[in-house]
Amino acid sequence: MMKNILLPTDFSDNSKNAIRYAIQLLENDQCTFHLFNAYTPVVYDLTYVLLSPAQFGIRDPIRAASQEGLDELTTEILEEFGANPNHKFETIARFETLIAGIKELIVERNIDLVVMGTKGATGAKKILFGSNTVQVFKEIKVPVLAIPSNFDYVTPKEILFPTDLEVDYKSVQLHVLKEIAKWHTSKINVMHVNTGYGLSEAQEGNKMLLPTLFKEIAYEFHDMEDMEIPAAINKFQEEHPVDMLAMINNKQSFFENLFFKDTINQIGFYLNIPFLVIPSKQQ
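Just so you know, the sequence shown maps onto residues 4 to 286 in our numbering.
Hints in this document: simulated from the structure, not taken from any laboratory. Virtual Cβ for every residue (Gly too), placed ideally from N, Cα, C.
As a list, the in silico DSSO-like pairs of lysine-lysine whose alpha-carbon atoms are at most 30 Å apart:
| no. | residue 1 | residue 2 |
| --- | --- | --- |
| 1 | Lys181 | Lys238 |
| 2 | Lys106 | Lys6 |
| 3 | Lys144 | Lys181 |
| 4 | Lys190 | Lys160 |
Label-pair restraints from in silico Cβ distances:
| no. | residue 1 | residue 2 | range |
| --- | --- | --- | --- |
| 5 | Asp32 | Asp74 | 22 to 32 Å |
| 6 | Lys91 | Lys185 | 17 to 27 Å |
| 7 | Asn113 | Gly85 | 22 to 32 Å |
| 8 | Glu79 | Glu231 | 35 to 45 Å |
| 9 | Asp171 | Gln240 | 23 to 33 Å |
| 10 | Lys173 | Lys141 | 21 to 31 Å |
Put together the whole structure using the sequences plus the hints.
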């Protein structure tokens, strides 16, 4: 069961949409949503950084505006969704960079999942993720659920889980994926792209382990012909409805090649469904 969900927000429509998705996804789960705004003064000097404005006896207008925005956002959420006895909301306004703030809060608030929007800086479809999202994928060691701009909530009945079978799944934080699948009676579609060389002994072992890890969850293994991973994902989506994509961020696997290389724009892969990124190691 997930207890603490971190919702970073810059008060944009994109971030609010991700928050709406999280609230609907976890409607029946008892959890606390931590609404977090990282603010940085447009102009600040060393005195501002070293000494709190409160020490000068003055009100910090930037922090006040951040907190006011969070309070208004909480009110908006309660007006839209009503009071859910399963849900609590807490707000955090912090003078911090987004990544550093998320890292601190994961420890302080015992965060199970981060949910955020993915809008690219230009909004162009060829931009897969904005720079903030990519940095979160790289550096944050808890599962991250990224929600595309303007994505309306759909119950994730079909989850696509591409893998190269190179991961020690027993050391991976699969609990979030399993919980989502259980709550929504989802089917997990494991997809492996066949390179034509056959599976190694380790890959065979990992393949056999997966059904036991997803016991009590609808599960199907799909072998795809040799092609680029984005093409395989797109092909699968054309043939099967998919409501969520889940991948393990394994430094040694195709994940890093797929999402952190410039070739992504040439491939023309554009994600239009929620994307769950799972760290490869338990922290």
